[in-house]
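Student: Using the hints, position chains B and C against chain A.
Residue numbers (this note's numbering), protein chains in the order written: chain A, 1 to 326; chain B, 1 to 411; chain C, 1 to 289.
What the hints contain is simulated information worked out from the structure, not anything from laboratory work. From a predicted model like this one, the values you see are computed outputs, not experimental measurements. Hints may contain errors.
[Unchecked claim] Below, in silico cross-link-like pairs of lysine-lysine (DSS-like), each with a Cα-Cα straight-line distance of 27 Å or less:
(1) B:LYS199 x A:LYS135
(2) B:LYS306 x B:LYS290
(3) A:LYS135 x A:LYS80
(4) B:LYS175 x B:LYS229
(5) B:LYS77 x B:LYS344
(6) A:LYS80 x B:LYS290
(7) B:LYS53 x B:LYS336
(8) A:LYS80 x B:LYS147
(9) B:LYS290 x B:LYS362
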Amino acid sequence: MGGRRQRALAVAAAVLCLALALAAPFVVGRYTLRFLTSTLMFAGFAVSWNILGGLTGYFSFGHSVFFGIGAYAVAIGMVKAGLPFWVSLVASGLAAALFAVAIGLPVLRLRGHYFALVTLGIGEVVRGVVSNLTKLTGGGGGLSLPIFPGGVDTIYRAFYFMMLGTLLASLLVVYGLLHSRIGYGLVAIREDEDAAQMIGISTTAHKVLAFALSAMFFGVFGGIYAYWLTYIEPADVFDIKISVLSIIMTLLGGLGTLVGPLLGTICFQLLSEFLWNRLLEFHTAFLGALMIVIVLVFPRGFIDAARGGVRGAFRRTVANVRQFAE
Amino acid sequence: MTRRGLIVALALVVAAALTGYAPIPAVAQDKVVTFGAALALSGKFAREGLISKQAYDLWKDALNSSGGLNLGGQKYKVDIKYYDDQSDNTTATKLVERLITVDGINFILAPYGSGAVFAASSVTEKYQVPMVSGQAAADNIFGRGYKYIFSTMANTRDYQRSAFDVAAGLNPKPKRVGVVWVNALFGEAVARSVEGFIKQQGMEMVLNEKFDVGIKDFSPLLAKLGAAKVDLLSLIGYPAETTLLLRQMDETRLNIPLVSLAYGPTVPAWREAAGPAGLYVLGESQFYPKGKLSGPVFGSSADFSKAFETRYGYVPGYDDANSAACGLAFGLAIEKAGSLDPKKVRDALASLDVATFVGRLKFNPDGSRATPPLYAVQVTTKDPRPHPSFVSPKDVAEGPLVYPRPPFDKR
Amino acid sequence: MTSLQLLVNGLLLGCLYAVIAVGFSLVWGVMNIINVAHGALLMVGAYITFWLFHLWGVDPFATIPVSMAGLFVLGYLLQRYLFNRLVRAPIFMTFILTFGVALIVENLSLYWFTAEYRSARPAYSSSVVHIGGLLVPTVRIALALIAVALTSALFVFMGRTRIGLAIRATRMNLESAKLMGVRIGSIYAITFGVGAALAGAAGSLMSIAYVISPVMGPPYLLRAFTICILGGLGNIYGALVGGLLFGVVESFGGLWLGTGFQDVIGMAMLVLVLLVRPSGLMGKRFYEI
Chain A
1 MGGRRQRALA VAAAVLCLAL ALAAPFVVGR YTLRFLTSTL MFAGFAVSWN
51 ILGGLTGYFS FGHSVFFGIG AYAVAIGMVK AGLPFWVSLV ASGLAAALFA
101 VAIGLPVLRL RGHYFALVTL GIGEVVRGVV SNLTKLTGGG GGLSLPIFPG
151 GVDTIYRAFY FMMLGTLLAS LLVVYGLLHS RIGYGLVAIR EDEDAAQMIG
201 ISTTAHKVLA FALSAMFFGV FGGIYAYWLT YIEPADVFDI KISVLSIIMT
251 LLGGLGTLVG PLLGTICFQL LSEFLWNRLL EFHTAFLGAL MIVIVLVFPR
301 GFIDAARGGV RGAFRRTVAN VRQFAE
Chain B
1 MTRRGLIVAL ALVVAAALTG YAPIPAVAQD KVVTFGAALA LSGKFAREGL
51 ISKQAYDLWK DALNSSGGLN LGGQKYKVDI KYYDDQSDNT TATKLVERLI
101 TVDGINFILA PYGSGAVFAA SSVTEKYQVP MVSGQAAADN IFGRGYKYIF
151 STMANTRDYQ RSAFDVAAGL NPKPKRVGVV WVNALFGEAV ARSVEGFIKQ
201 QGMEMVLNEK FDVGIKDFSP LLAKLGAAKV DLLSLIGYPA ETTLLLRQMD
251 ETRLNIPLVS LAYGPTVPAW REAAGPAGLY VLGESQFYPK GKLSGPVFGS
301 SADFSKAFET RYGYVPGYDD ANSAACGLAF GLAIEKAGSL DPKKVRDALA
351 SLDVATFVGR LKFNPDGSRA TPPLYAVQVT TKDPRPHPSF VSPKDVAEGP
401 LVYPRPPFDK R
Chain C
1 MTSLQLLVNG LLLGCLYAVI AVGFSLVWGV MNIINVAHGA LLMVGAYITF
51 WLFHLWGVDP FATIPVSMAG LFVLGYLLQR YLFNRLVRAP IFMTFILTFG
101 VALIVENLSL YWFTAEYRSA RPAYSSSVVH IGGLLVPTVR IALALIAVAL
151 TSALFVFMGR TRIGLAIRAT RMNLESAKLM GVRIGSIYAI TFGVGAALAG
201 AAGSLMSIAY VISPVMGPPY LLRAFTICIL GGLGNIYGAL VGGLLFGVVE
251 SFGGLWLGTG FQDVIGMAML VLVLLVRPSG LMGKRFYEI
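The following block holds chain A by itself, in its conformation from the complex (with noise of 0.2 Å):
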């Protein structure tokens, strides 16, 4: 297919989804929005995500400690400094990136897994931080925000849009960056990130803003998901698991390109409801087998399997089995 043909292809495929998305709020039912919401949460995740990890090559194995921050950012803004949510959820944002520049400037001149555990390990020592500062942070018991004024449809179409709103924002960055010099500054880094520094790029500002870029959205979240649950503790919104999903759904979806988380939560989101409805006991269990064999089929993600055809993963796949399985 043709270049121009191509694009103008997807961008048919992107306006047909965002007014999908627009118009599901009025048409589908209150469970099934909940868990659309959800979803672009988890998906919002994926993309800012994959601005430090796929772009630029650094994966951050703690990215919930922003979740966390914004989380606690809003609800004390609300609860103890009586602020308006709107307020609190700007300041949200801004917590999240003050810290990543904060910590970004010792923790970024770690690479590979060095890096990967230290963001684990900070994530950590600010949850526990997080629960012991009890006057201040509830501490173990938690948070509880007010409601948010309004019916239940009403309450249920904000926060969707709220997330739906946030995701497209993390979105037009990952564009904006796909098709700018710091984008390309970016990429070098991941490519080659000595080389990229002997021929000028200013590889600490690069990676400082890509980690504050990511962490921003992922404190923006934060401050929506404590306001829509109404409860958070320190134990729901520093938890790992919104790191290490993050990451599986980028690596499945396709690292490094803007449709490739988004494709992978959706599917990611899909198949666990699925088997969670309808194998109650071992869905875990086939999540998990799900994983291995996407990873064996996919090893790059759906879309590069697109690119290269299933038939080039397997071929892969079979090179490596003759390698190494006998």
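Tutor: Positioned in the frame of chain A, the structure of chains B and C alone reads:
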């Protein structure tokens, strides 16, 4: 294959997933009232969640075998739909919502634990669907002005009260209190109440430490307890950690004259896990298995205990009883309201005042249980295996309190 | 006196942690596989010990070889038929793969064993030994000794046996090892099997010392990560030293900062070490043993 194949595959996946939504159509049968419960059937609270499920099932079967609910001259059978919330609050909330919106259920039996009930209650409040809880005690749950949450269990304001009442009458009276609590909603709430009791009794709080769920090594904490010369330990936590602490306390041969637990001694699994380390600790209960308190469906406490023990093989504790009482409360409220309308049932619950096997079943305006019976128990070895002996109040005392607690070598 | 007691407690605890970390470190160092299922394998070992003790009254210490053997077989099979396919893949692919395996193992265990917290506590488990004013539980000493013995056995295995040398050769230079006739696939499978056996042993020790449940894995996995970093990746004695240090820091951290911070102290240590000296305290490459 490539793109087209991929799209086809995705379409199949999406189609399959969407079929997961269609609620399996119910077979038309005689009149049934369905209740919903999202419980911890896996994860860290699976054991505790099972307690609720067992109790709910016992109530359901007891009610159905006696004909069912009486509504407008018609008999309605009772059924319960369960989901596993995996001991996760967010999941519990989501599942309660699913029960209400997808499964169309208007009466929710609560999940396990203060955290989950706290989170899920905002859903039931939003949808104006009543929820009754038997295993969540934190008083914060009830301070929010919610109208649709009720609890058959005593709330944390009353936890450890009986232990301190017992302590007050002891000679020598304990003076130095150590409060050790789990860093979760339940622990934090009870610890607050305990601070009040300490002041009330003119004792001194010499140690106040919190620990995380999942902690494995208590040696630093035990060192502090010893150094502070604590003579009354108020231990508030979930079984996995409290049994571990007691056993490690024995390993370090730390001797505290009076040890009181907010939760555990009445649960057989707790006693088994604690072993000799759990002997002679104080616990509390809201249910006396041999009691004469009596009411509809189950008869007396003693009748309930017999039926429970026959079916599940152990003498029920207060969490078993209070969970069964959730179903009972719903049933009585539905019959009193004469309707299945959730708002009317809610009003009936709010004005309920009935003598039952767990005592007088009545709720405060904030939904918490009004005047639950409170007992103190002590784990002794009257049986071949450790079991809880009731020691207070006097009318149920089965024997004298063993005080001070014998050190490890003498148990 | 309290300090000395805490130090001893911390060291004994640290020995247990070391066993958890050593197997993890081996697999990571040789095959560059971050085995996220390590915690789950540990849990299986713990349950093997528990069930043998509970059903047939076998002394828990005697079950350790059984649990090690069983986990070795499981690990070997997993590597041979599953993980070997992704050896050359990006490290985070193996992360997903092992994560998937962990999910399956945990789910099946939860279903078969139920979620009740259990432990294999023999009758003599509360006996203590008095050493100059210190009280040391006998069982803890035994566990620590076993931990040290296992670590030393691994050291001997890697340094003196043919298979151990083959494993080291594979790590040093894959192509040369192949040319020398080393069957890479089998070596990898054996390595993973050994790592799994150590995880199983650690689990058995946990079953004796603490309370176990099907979801007990993740906190131990986190500790394994931390200790590996502390001691230097792939460095066996580093894992032992790292484990001991970790145990002591946890004990004193709990004392000074309060029990609430106890489990977080280890993480803080991880962050500090990574920022200051990422190659670990004993930072040497794996094959320099």
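Student: For the pair supplied as a hint, LYS135 (chain A) and LYS80 (chain A), is the alpha-carbon distance within the 27 Å limit?
Tutor: Holds - the C-alpha atoms of LYS80 (chain A) and LYS135 (chain A) are around 10 Å apart, at most 27 Å.
Student: Between the alpha carbons of LYS80 (chain A) and LYS147 (chain B), is the straight-line distance 27 Å or under?
Tutor: Since the Cα atoms of LYS80 (chain A) and LYS147 (chain B) sit roughly 24 Å apart, the hinted pair holds (cutoff 27 Å).
Student: Given the hint that LYS290 (chain B) pairs with LYS362 (chain B), does the C-alpha gap stay at or below 27 Å?
Tutor: Within the cut-off at roughly 22 Å; holds.
Student: Quickly compare the C-alpha distance for LYS306 (chain B) and LYS290 (chain B) to 27 Å and report which way the hint goes.
Tutor: Holds, because 9 Å separates the two Cα atoms, which is no more than 27 Å.
Student: Sort out whether LYS290 (chain B) lies within 27 Å of LYS80 (chain A), counting only the CA atoms.
Tutor: 48 Å, violated
Student: For LYS77 (chain B) and LYS344 (chain B), compute the direct alpha-carbon distance and say whether it is at most 27 Å.
Tutor: At roughly 20 Å apart (the allowed maximum being 27 Å), LYS344 (chain B) and LYS77 (chain B) satisfy the hint.
Student: Would the pair LYS175 (chain B) and LYS229 (chain B) pass a check requiring their Cα atoms to be no farther apart than 27 Å?
Tutor: 10 Å, holds
Student: Quickly compare the C-alpha distance for LYS53 (chain B) and LYS336 (chain B) to 27 Å and report which way the hint goes.
Tutor: 25 Å, holds
Student: Does LYS135 (chain A) sit within 27 Å of LYS199 (chain B), going by the straight-line distance between their CA atoms?
Tutor: 21 Å, holds
Taken one by one, the earlier hints fail for this structure only at number 6.
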